[in-house]
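Add chains B, C, D and E with the ligands to chain A, keeping to what the hints say.
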Amino acid sequence: MPQTATMPQPILQIDTVTKVFDGATAVDRVTLDVAEGEFVTLLGPSGCGKSTLLRMMAGFETPTSGRILMRGRDMSKDAAYEREIGLVFQNLALFPHMNVYDNVAFGLRARKRTEGLDRKVRDILALVGLDGFEKRRTGQISGGQRQRVALARSLVTSPDVLLLDEPLSALDLKLRRQLQVELKRIQKETGITFIFVTHDQEEALSMSDRIAVMNAGRVEQFSTAVETYHHPRTRFVAQFVGETNLFEARAIRRDGDSVSLSVAGVDLPMTVAVTPGAGVRAGDAVWVAVRPEYITIGRAAGPALRARVASHSFSGATVTYALDSAAGHLLAQVPFRPGQGHPFPHGEEVRVGWAEENVTVIPD
Amino acid sequence: MPQTATMPQPILQIDTVTKVFDGATAVDRVTLDVAEGEFVTLLGPSGCGKSTLLRMMAGFETPTSGRILMRGRDMSKDAAYEREIGLVFQNLALFPHMNVYDNVAFGLRARKRTEGLDRKVRDILALVGLDGFEKRRTGQISGGQRQRVALARSLVTSPDVLLLDEPLSALDLKLRRQLQVELKRIQKETGITFIFVTHDQEEALSMSDRIAVMNAGRVEQFSTAVETYHHPRTRFVAQFVGETNLFEARAIRRDGDSVSLSVAGVDLPMTVAVTPGAGVRAGDAVWVAVRPEYITIGRAAGPALRARVASHSFSGATVTYALDSAAGHLLAQVPFRPGQGHPFPHGEEVRVGWAEENVTVIPD
Amino acid sequence: QSGPILHASWGGGVGDTWTVAFAGPYTADTGTAVRIVELPNPEAQFRAHAGDPQYHTGIGTFVQGVNMMRDDMLETFSLDEIPNMRNIDEKYWLKTEDGRIAGVTPYFAYYGIAVNTNEASVEDFQSWKSVADPKWKGRLGMTRPIYLSTYDLTILAKAAGDDEYDTAGGMELLKGMARNVLNVSNSLAQQNTMLERGEVAAMPFYSVRVWSLNEAGVDYVKILIPEEGALLLPYVIFAPKGVKDRGMVADWLNHIASAAPQERGAALSGYIPANRDAVATSEIKAKLGGEYDDLRARLYQPDWGYIAENQKDIVAAIDQMLATL
Amino acid sequence: MSRPLRIAVLLLPSAILMGVFLFGLVRLIGSSLLIEGRLDFAYYDAILSRADYVAMLGRTLRTAAMTTFVCLVLGFPTAYFVARYRGNRNFLLLLIIFPWLVSIVVRSYGWVVILGPRGLINSLLTWSGLAARPLKLMYNDFGVILGLAHVLLPFMIIAILSVMMQIPRNLEEASMSLGGRPGYSFRTVLLPLSLPGVLTGITLVYLMATGAIVTPLLLGGLGNTMLGTEIFQEVMHFFDYPKAAALATVLLVTALAVVLPIQILERWLARRLSDGGAA
Amino acid sequence: MITRYIAIAVLLFLPLPIVIVVLSSFTAAGYLSFPIKGLSLRWYAEFLGSADWLRVLGVSALLALIGACVSTAASFAAAWAVVRHNMRFGTTYETLLLTPLIFPHAAIGVIMIMTLSGLGWLGTFSGLVLVHCILTIPYAYRPIVAALRKADPALEEAAQSLGARPWRTFWLVSLPAVRPGLVTSLLFSFIISFDEVTVTLFLVGPFVMTLPVQVFSEVLESASPIIAAVSAALVLFTSLMVFILDRVIGIQFFVERD
Ligand SMILES: Nc1ncnc2c1ncn2[C@@H]1O[C@H](COP(=O)(O)OP(=O)(O)OP(=O)(O)O)[C@@H](O)[C@H]1O
Ligand SMILES: Nc1ncnc2c1ncn2[C@@H]1O[C@H](COP(=O)(O)OP(=O)(O)OP(=O)(O)O)[C@@H](O)[C@H]1O
Ligand SMILES: NCCCCNCCCN
Ligand SMILES: [Mg+2]
Ligand SMILES: [Mg+2]
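Going line by line, the protein sequences match chains A, B, C, D and E.
With this note's numbering applied, the first sequence corresponds to residues 3 to 366, in that order.
With this note's numbering applied, the second sequence corresponds to residues 3 to 366, in that order.
With this note's numbering applied, the third sequence corresponds to residues 31 to 355, in that order.
With this note's numbering applied, the fourth sequence corresponds to residues 1421 to 1699, in that order.
With this note's numbering applied, the fifth sequence corresponds to residues 11 to 268, in that order.
What the hints contain is simulated information worked out from the structure, not anything from laboratory work.
Each residue gets a CB set at the ideal place from its N, CA and C atoms; glycine is no exception.
One or more of the hints may lead you astray.
Said to hold, decoys possible - Between beta-carbon pairs, the in silico distance windows are:
| id | chain 1 | residue 1 | chain 2 | residue 2 | range |
| --- | --- | --- | --- | --- | --- |
| 1 | D | 1603 | B | 121 | 40 to 50 angstroms |
| 2 | D | 1690 | B | 121 | 28 to 38 angstroms |
| 3 | D | 1461 | B | 116 | 11 to 21 angstroms |
| 4 | C | 247 | D | 1442 | 49 to 59 angstroms |
| 5 | E | 13 | A | 26 | 46 to 56 angstroms |
| 6 | A | 118 | D | 1442 | 52 to 62 angstroms |
What the hints assert, rightly or not - So these bits of chain B aren't anywhere near chain D, every CB distance computed over 12 angstroms:
| id | residue |
| --- | --- |
| 7 | 85 |
| 8 | 104 |
| 9 | 156 |
Pulled out of the complex, with its shape left as it was, chain A reads as follows:
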């Protein structure tokens, strides 16, 4: 996994790019550096500007301001067909009047790179597991296979960067999981830089080297998957990436990289680590985020909170309890052991706690 610190010359640089449509800002001063061979995901809710950003990279929209550089060269003015950037569309956009082979060969023919074309097309079809499907029409193959054709079509010209706009969102869950694994494998094998758009946080977490979490046109956090999940820097990131319990708290004292907090409403002092740069000072109002799976019920480990079981929901390996507490509504996800039943029936009063190392502090 490339590390942000040791990154060499980035292959793609998005430099304070803004896009305004009819007065509405779709992309707002976004800056991103993408290293060669990296798998970067743009994650965010619908309408946050992911596609717009991607389309600017592909050359279908012109930035209102800012620059997009490829290996250091500003390519903002290049036409789409002049860029060495592949694009996989959400709806695939396979050419319906061509068979699988011709779809895949299209880019090579369009760029007049016909030397060794047949070999290249067959190799790439083999890579995506579609050998033998050359002559099929695009209407005669399954959804997952169509997906692979779209991928092969964009990969065969060996673009510098491959953009993928929610390529899996139309597929059902099982197929999606399977193609996630495959996509990741192909990216590793080809070494091509992938910029992947999704609004599915699980997909983002399981596939990406780094994730850019977007909200209302801005990038709120750009970090590795683990960092994004475990150390969200904004409330939006904490809530959008995975379920989370968020309470208001007040910083009582700051000691280097750790801070003592009192959770608003109940006096529940604790001392937790904060991101070194976070400007949290004593007396500040902050937000505290704890993932449901780090919430413990029953035993008062560390600071403990009184709560009442409102409902539970079984999901196989775990049971999720919805709890009402003085700090608000909480979710706690605990492993389910068969034969033990539900340890905490509806209405039962319990004590809720968490380990301090599992708490993230977010400045207000």
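Same frame as chain A, but now just chains B, C, D and E with the ligands:
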């Protein structure tokens, strides 16, 4: 949760019902008893006959053989409009030329139960959280709201049984989760018997009192959610409901309700409990199912197996390892603790184990 | 060698007559090709292309000729250009006020009463007045108002003891006839068939149509000339104003005015030649029931100019009469 | 090329065609209103003051209305049957589309052959002894309406069918599962939803029937003149273009007076009935 | 149930006169009647032996062919502007293109006779082409615009992102994507034009007479069974087009809405 054993007179009985379309058997000798107030889910892959079964209950298809009884009375010959059975369609089938109010009032008017109509309609709209939307056209509300209108429309006539055919499958994940909770609440509040169709196993597990897992027209298992997940009775159920690791094994010895096994390929003897009725005898080939979350890595707890880490995938709270072992390809899901990194890097040799109580034995 | 001359003709047999009797021999004699183009109504084309003529010549009823001449749409010729006109009685000429020739009348038909003798007897229709007899209710055919105005009304006025200048009596007879007519087609061809099949017992009709029926072996349909006489129907060949190849057209018209082609026309279709020199063969005499001159004498030639001038009003009057039936 | 210029170039060919049409329309109305360069309603006065023309106008409207009614009564059940047919629907469609595309001359002529005195029906009747003389089946209103209804029925069926096929079958099932008996379901669900198609069908059939020439001429008798045949007569025999233009304008006005409100109603309904595309 | 009977009766009733015409064309008699008297191909021989009828057939076919091509091209250009350039007042323009549909044909006849005589095109082939284009444009436009709306604009972007320049994109992707619409438009306008009578009636001239108008005049002026033979030829022609249409897009196209 009603218990199978203590069930009173069932409200609905499906008695060896078969449906053949043009020589193809869509539903194959299905027998189900549904208790009043129960939430029963039909779960199965696409084309397994869920909708056909539901449509027979609703009266849109006639069983080729078998009977459908309502409170003990055979209603196989009744027309759809004579049955007190509501149906929520996957595509909702809201009347596009009527507003929300008229859609909901439709059933009362059609049945000429206009006394107190206004009150009933408004009450049910309040129940589904749509008060104030009476005059909206069905095109002017969101997907989740449309969903609620469909529900309200079917609930307002207080049917004996409400059938729901994949009512949530068109919605996105977040909305779906939210409506699952709401549907469950409404079912509890109204006390109406729900028969719910889905092919999403998480949905089935979290909502149902009992689940009927269907495959190729047959019901393979009809049991509570916990039972279905933790004690699948067939390989199909084990694989369809949740991820599972399945290996071939041989029964070495049987002692009452427990059996000693040797996992094929490696000699890995263990003694596990079996379902009392299961006809497993010494020497039989059986299948052994272990859920990924019950697989432990590193420490050799109980019988242990050598394996090599093939890949891993991060999903927030957990990391899933793909492992190659002598018993085949395995998945192991372990909790992820931030700061600890991934304990098992790619290629590392590990030892894999499981607690005997987490193993399910399935006769071949 | 020049041409071709484009000649606009009606369809339904007229075109064939012109090809065989007039155009073919003319081409053989002079080398000038003549193309006969069949149209539902040549006048329509002449009017549509007034000022930019597309045809050299065309055929029309005398009334159509008068109308077009008055609208100054026809080319005129001097007698010297069409010398054969001298052999055609001047009362058949389509001529301008200053005596120039606006069209050549090659032949005429007449308008009598056609009777299907299986359905009615010849004696039943000795007078035009009998068409108004209520005993024929539902048994007669009738043509369109445009022809009722010029033909039926004129001859019925004559039968009522008046003439084309005073049609009140004729209108009463026409009304009586119209009452006897039920459910009849717009199409002369269909009426022809109905007459043949006895769907209608009788109707005022064209002599040439009956001729062709007789030629086809339908001998039970007869054309009668009632005691009041039959109406003479001259046809006229005209050239549009500003016609190209004027000299060639004059020569073609002169050919049309001559006796020989008209005789051929009579033999083919039963038209009565306009040229005095035309001689009827004994076969034709037998079919026509006499010499051309005898026949001409029994035909009434009205003032077509007056009829044409008043045609619109008459049609309107007839339309209204029919509407109140 | 700039975007506006590009659009202009793309629109040019069709705009020329439509321009010619609109120019002709303006000329039509103009020539019926302008006599020697001055506005004059003489032609309209002349037309409207003649009882026979007023009667003809009435006959035209009545014939068109009857034809529309017959098409509706026959077309709606047919469309419903085809829309809900479970078997080989394409074959049924063929039975509708193919006659629709065959020239109206041929189809009207076919009726001449069938209805004529020695046509199919009369031959059967006389042969079987049911009628001594052939019945008069054409050259009257019956023939015209039958012919027009036959010629125009496919328009009605297609218009209704294209709407009905978009009505999910589910909606009727939904109604039934809510206790709506078949009649009730039809009245409250199917009928209102297919109304836009019905209105389109009515519009098309009515328009074509008022402006028909060929069928009334072939199947109608002397007493069945309609506006269309009168216009034809005026052009073909009297060459009175201004009068034909006035008659054509009267035809246009009366047709559009009926059709435009229906069109507006239809658009309004279509907007109300559409789901708004929400999933 | 009554629905069913009406529908079946209607479905049999619609093709009836066409079948009768075709059958009666095989009569041996010199006049038209049904059932036919004797079986013969004499009227076909007469039709095919007549230079006039064949010329008229040729004119009709050529007229329909040229008209269909012009209509289709004009519709394609217009649809491209409306859909791809997302033109302002696009729907208004579409409504305009459909107006010839909501004018009674007798009125259109008069409109056209005045227009063409104004242009000096009355009775000319070009005049007929012009009028037939106006009459067929509503039929030509619909399938094209439907195909264009259905064709994913992302296809063009996909082609560009794969390195295809604009013209190449147009030829290789945009055009093929709407090909079924274009073919439908061509066939559909061909049929409409080939079979048109009511308006054409007003406009024929010495060099241009169309087959349906000629048949019409003949039905009025004579009663010869040759009309049945010519009509049967018209029917055959139409069936051929319908057959191709069914092959290309499927007959259900006619009852689809966009
Ligand atoms: N061509 C355009 N003209 C005007 N506004 C646009 C255009 N394209 C996008 N927008 C607006 O820009 C914003 C961002 O849109 P964008 O498509 O980039 O979102 P997204 O993150 O891709 O959403 P989704 O997950 O739904 O695809 C939205 O508010 C959208 O309405
Ligand atoms: N009307 C019908 N005619 C013929 N076969 C049918 C009909 N309806 C369903 N089938 C067949 O019966 C089988 C079961 O279909 P059904 O719709 O019940 O499946 P399902 O479990 O609801 O699937 P899904 O999850 O895709 O909705 C399928 O093979 C289907 O093709
Ligand atoms: N073939 C008969 C010729 C008679 C012409 N009469 C004039 C009628 C014009 N349609
Ligand atoms: Mg997007
Ligand atoms: Mg289903």
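Quick rundown of the hints versus the structure:
1. 1603(D) with 121(B): 40 to 50 angstroms: violated (28 angstroms)
2. 1690(D) with 121(B): 28 to 38 angstroms: Between residue 1690(D) and residue 121(B), where Cβ atoms are some 34 angstroms apart, the hint holds.
3. 1461(D) with 116(B): 11 to 21 angstroms: With Cβ atoms ~57 angstroms apart, the hint is violated.
4. 247(C) with 1442(D): 49 to 59 angstroms: holds (56 angstroms)
5. 13(E) with 26(A): 46 to 56 angstroms: holds (53 angstroms)
6. 118(A) with 1442(D): 52 to 62 angstroms: Holds - the Cβ-Cβ distance for residue 118(A) and residue 1442(D), about 59 angstroms, lies within 52 to 62 angstroms.
7. 85: violated (8 angstroms)
8. 104: violated (9 angstroms)
9. 156: violated (7 angstroms)
Hints 1, 3, 7, 8 and 9 from the earlier list are contradicted by this structure; the remaining hints agree with it.
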